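K.L.:
Please assemble the complex out of the two chains, which come individually in their own frames, going by the hints.
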Amino acid sequence: MIFFVEAIASAILIFGGVFLLIGSIGLTRLPDVYMRLHAPTKATTLGIAGVLIASCIIQSYRQESLSISEWLITLFLIITAPITANMIAKAALHHEIAPIHRTQGQELIVTAKDRTPPPSEAKED
Amino acid sequence: MKPTKFRFFPMPFHTFLLFTIWLLLNNSLSAGHLLLATVLSIIIPWGVSSMTTERPRIQKPTLAISYVFLVLKDIISANFSVALLVLGPLKKLQPGFVAVPLDIKSELGITLLASTVSLTPGTVSAEISEDQKWLYIHALHLENSEELIQEVKSRYEAPLKEIFGC
Numbered sequence: 015m016i017f018f019v020e021a022i023a024s025a026i027l028i029f030g031g032v033f034l035l036i037g038s039i040g041l042t043r044l045p046d047v048y049m050r051l052h053a054p055t056k057a058t059t060l061g062i063a064g065v066l067i068a069s070c071i072i073q074s075y076r077q078e079s080l081s082i083s084e085w086l087i088t089l090f091l092i093i094t095a096p097i098t099a100n101m102i103a104k105a106a107l108h109h110e111i112a113p114i115h116r117t118q119g120q121e122l123i124v125t126a127k128d129r130t131p132p133p134s135e136a137k138e139d
Numbered sequence: 017m018k019p020t021k022f023r024f025f026p027m028p029f030h031t032f033l034l035f036t037i038w039l040l041l042n043n044s045l046s047a048g049h050l051l052l053a054t055v056l057s058i059i060i061p062w063g064v065s066s067m068t069t070e071r072p073r074i075q076k077p078t079l080a081i082s083y084v085f086l087v088l089k090d091i092i093s094a095n096f097s098v099a100l101l102v103l104g105p106l107k108k109l110q111p112g113f114v115a116v117p118l119d120i121k122s123e124l125g126i127t128l129l130a131s132t133v134s135l136t137p138g139t140v141s142a143e144i145s146e147d148q149k150w151l152y153i154h155a156l157h158l159e160n161s162e163e164l165i166q167e168v169k170s171r172y173e174a175p176l177k178e179i180f181g182c
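Protein chains in written order, with the working numbering: chain C, 15 to 139; chain X, 17 to 182.
Next up, chain X with everything else stripped away, as it sits in the complex (with noise of 0.2 Å):
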């Protein structure tokens, strides 16, 4: 890695969400607190921002938010159907392992695919492949898989490369 200028804000965005964060968490406005949410949020990336990967930039924001809130949605209702199976007769549960192809080739991307996956329904995600190109999954009560990897790809994947366009 090559020695970089050293800049006063290197994560600037980090600065005012760790700021933010900060005083959220105290809930307090004192000028205490804004004294040491500013040096925190001015000092923790200088030590950190070497260690930041390249991320993709996010292309489409008002997809990013109709993705977020159809994500909501679907851990609500996972909630519910998780807690119907949980409950029912235990016995007419098939359990499955699902390896699903992967098409979005950007790391936090699939973080943020196998993230969604598990908090949505009846679906954890266990592994990825080392060449990132399978996520595995293992699904409370799986009917048919080719149906699941269709829902997960069409529903979470497809949006996902589309907001991060990769």
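One chain only, chain C, in its complex shape (with noise of 0.2 Å):
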């Protein structure tokens, strides 16, 4: 029995991983700093959810009891991502941080930093 539970929680952790992997691949491989925030929001929450559900079913086994204070990590770990993911991006607007140049509606940047409606919309008031 304990090499069936193992076998599972050593596949969900190595899922994990890989996404955990991907994510740190995609901070270094990525060109600029807008495009590097989406590896570490998206890729890091299913990484970090499957280590943190192996980790639940192997302390639920051995103890013989449901362990849920992983779950909570999770929960915790989809609210604050995206929190984060919107400082950060709100500080390289700040810094005037230039994107790539193929880019498309860099003409947005501006007034994101402003926040201010849109050109296109702007013209049309």
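Since the hints were derived computationally from the structure, they do not count as laboratory data. Some hints could be false.
[What the hints assert, rightly or not] Just the calculated beta-carbon pair ranges, DEER-fashion:
| id | chain 1 | residue 1 | chain 2 | residue 2 | range |
| --- | --- | --- | --- | --- | --- |
| 1 | C | ASP128 | X | ASP119 | 21 to 31 Å |
| 2 | X | LEU50 | C | ILE39 | 24 to 34 Å |
| 3 | X | THR54 | C | ILE39 | 41 to 51 Å |
| 4 | C | SER38 | X | GLN110 | 16 to 26 Å |
| 5 | X | THR54 | C | ILE111 | 24 to 34 Å |
| 6 | X | LEU52 | C | HIS109 | 36 to 46 Å |
| 7 | C | GLN120 | X | LEU103 | 21 to 31 Å |
| 8 | C | ILE87 | X | PHE96 | 17 to 27 Å |
| 9 | X | GLY181 | C | ARG76 | 17 to 27 Å |
| 10 | C | ILE16 | X | GLY181 | 43 to 53 Å |
| 11 | C | HIS109 | X | LEU103 | 44 to 54 Å |
Being a predicted model, the structure only gives us computed values, none of them experimental. The beta-carbon is built from N, C-alpha and C at its ideal position, and this holds for glycine as well.
P.N.:
Right under this line is the structure:
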């Protein structure tokens, strides 16, 4: 029985680890700060969730009672990850960090920084 | 702000939430932790209840639950699609900024929408215009900005609007 549980936990661990690795690869590979934001907010949520679920399974089996604190960590992560991403994006906008050349809609960066409506809309008003 | 009458349980829901989360974090039901959880969950709301702002109530609980599952499903598919984009050829990626017009009015609704956008496929919310009518989004791979705007509006904003009834 323990082998069966450990096999499942290991599979989930590997699954989570692969996503964490992809998130880190994304951080180094992607060219500008706005694109880099995507890798840690997305790939990492599933990666961490995988590691935590594996921990939950093993702990529940060892203690013979359901271990739920891992789920709380996952929940907090889902709540905080987008806020962190938003803050980094804001900081990048205010430092006027230029995105790579082929980025579309670059005219929106100025209005986003000033928190005003987009330029096309302002003309219509 | 007008001084309000002292209430023993100013935020009953948060009292309950604090109580359960304290016990869950400690993973125990011992007498000591039960006592600590009770004391903390009663005292903390006294201090913070004056800081809360008016929040819209959830009008449609069943829709809220199905929304949570929709977002969870999208988080998983987001992970796969971003993983593929990250590992694939970077030259082909077409990043871009998009401004999404917002119909939703409540602050909580906008916060939830922005967070959902950040967690779901290929998009991160960057900024909100001061009049709370535009949400600026950065997309990792933008093929058609109109399509993206429509998708955000119909897939996430419409249900959120319905849930909070605003």
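K.L.:
Work down the list of hints and note, for each, if the structure agrees.
P.N.:
Checked hints:
1. C/ASP128 <-> X/ASP119: 21 to 31 Å: Given range 21 to 31 Å: holds, Cβ gap about 22 Å.
2. X/LEU50 <-> C/ILE39: 24 to 34 Å: 46 Å Cβ-Cβ, so the 24 to 34 Å window is violated.
3. X/THR54 <-> C/ILE39: 41 to 51 Å: holds, 47 Å
4. C/SER38 <-> X/GLN110: 16 to 26 Å: holds, 23 Å
5. X/THR54 <-> C/ILE111: 24 to 34 Å: violated, 49 Å
6. X/LEU52 <-> C/HIS109: 36 to 46 Å: holds, 44 Å
7. C/GLN120 <-> X/LEU103: 21 to 31 Å: holds, 26 Å
8. C/ILE87 <-> X/PHE96: 17 to 27 Å: Roughly 22 Å apart at Cβ, these two residues keep to the hinted range, so it holds.
9. X/GLY181 <-> C/ARG76: 17 to 27 Å: violated, 46 Å
10. C/ILE16 <-> X/GLY181: 43 to 53 Å: holds, 51 Å
11. C/HIS109 <-> X/LEU103: 44 to 54 Å: With Cβ atoms ~29 Å apart, the hint is violated.
Violated hints, in rising order: 2, 5, 9 and 11; the structure is consistent with all others.
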